[in-house]
Amino acid sequence: MARPIEGKRDNVKKSDRLRLNFYFDPVRRSQELIDLDVALKEQRESLEGIHRDGTPLDDNATIKRIYRFYDLVYDEETRKLQSFSLNEKKVERARRESGFFANTTHGVDFDPMTAQRHYKLRDEQEKYFAMMKGTMGADRQRN
Numbered sequence: 007m008a009r010p011i012e013g014k015r016d017n018v019k020k021s022d023r024l025r026l027n028f029y030f031d032p033v034r035r036s037q038e039l040i041d042l043d044v045a046l047k048e049q050r051e052s053l054e055g056i057h058r059d060g061t062p063l064d065d066n067a068t069i070k071r072i073y074r075f076y077d078l079v080y081d082e083e084t085r086k087l088q089s090f091s092l093n094e095k096k097v098e099r100a101r102r103e104s105g106f107f108a109n110t111t112h113g114v115d116f117d118p119m120t121a122q123r124h125y126k127l128r129d130e131q132e133k134y135f136a137m138m139k140g141t142m143g144a145d146r147q148r149n
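Just so you know, my numbering puts the end of the sequence shown at 149, numbered straight through with nothing missing.
Just so you know, these hints were derived from the structure itself, not from any lab. Keep in mind that the hints are not guaranteed to be accurate.
Once the Cα atoms are required to be at most 20 Å apart in a straight line, the calculated PhoX-like pairs of lysine-lysine come out as [to be verified]:
hint, residue 1, residue 2
1, 47, 95
2, 47, 96
3, 70, 47
4, 96, 70
5, 86, 70
6, 126, 95
For each label pair, taking beta carbons as the anchor points, the in silico distance ranges come out as [to be verified]:
hint, residue 1, residue 2, range
7, 70, 35, 22 to 30 Å
8, 45, 88, 16 to 24 Å
9, 83, 134, 28 to 36 Å
10, 136, 33, 24 to 32 Å
11, 88, 127, 44 to 52 Å
12, 70, 47, 18 to 26 Å
13, 14, 61, 44 to 52 Å
14, 25, 137, 25 to 33 Å
15, 123, 61, 48 to 56 Å
Predicted model, so just to flag it, every value in this text is computed and none were measured. Where a beta carbon is used, it is the ideal one built from N, C-alpha and C, also for glycine.
Produce the complete structure using the sequences and hints provided.
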């Protein structure tokens, strides 16, 4: 069944061939699990050092980004770390989701493997072209 999809401004398209493709890559999963274990170890060692030395913590946004797998208890005024514990739910979720990725197709009749073959290098290509434009000074239109 085709459903309307709203775009920018008054642009509305029908979703007659909109597909969400899910994939699992065991090699990607193993690398993500290794990266997770390394991140957990580095975060724990860093927090142990901060707790031992009494170093004040950064702002809330920074500590949530850097120590995202740990729950921190600290003094709001002095920003000194009092305790920390591993957030098992976040770690379990990261482990469960590792190795999975998705892409969407619209307006083409690709099966999931054909879509993956066509779009697998898209992010790398966009990053490469953006880097080339910046190097050449063509990142902005001068008109």
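(message) For residue 47 and residue 95, compute the direct alpha-carbon distance and say whether it is at most 20 Å.
(response) 17 Å, holds
(message) Is 22 to 30 Å respected by the C-beta to C-beta distance linking residue 70 and residue 35?
(response) 25 Å, holds
(message) Can you confirm whether the C-alpha distance between residue 47 and residue 96 stays at or below 20 Å?
(response) 15 Å, holds
(message) Looking only at beta-carbon atoms, does the pair residue 25, residue 137 fall within the given range of 25 to 33 Å?
(response) Holds, at about 31 Å.
(message) What's the verdict on residue 96 and residue 70, does the C-alpha distance respect the 20 Å limit or exceed it?
(response) Answer holds: residue 96 to residue 70 is near 12 Å, not above 20 Å.
(message) 48 to 56 Å was suggested as the range; check whether the CB atoms of residue 123 and residue 61 agree with it.
(response) Because 49 Å falls inside the window, the suggested range holds.
(message) Check the hint pairing residue 86 with residue 70 against an upper bound of 20 Å on the C-alpha distance.
(response) 15 Å, holds
(request) Return holds or violated for the Cβ distance of residue 83 and residue 134 against the range 28 to 36 Å. (result) 47 Å, violated
(request) Just tell me: holds or violated, for the beta carbon distance of residue 14 and residue 61 against 44 to 52 Å? (result) 47 Å, holds
(request) With 24 to 32 Å as the target window, see if residue 136 and residue 33 comply at their CB atoms. (result) This hint holds: roughly 27 Å between Cβ atoms.
(message) Please check whether residue 45 and residue 88 have a Cβ separation lying inside 16 to 24 Å.
(response) 23 Å, holds
(message) Hinted pair, alpha-carbon criterion (20 Å max): residue 70, residue 47. Please report holds or violated.
(response) 16 Å, holds
Comparing the model with each numbered hint stated earlier shows that hints 6, 9 do not hold.
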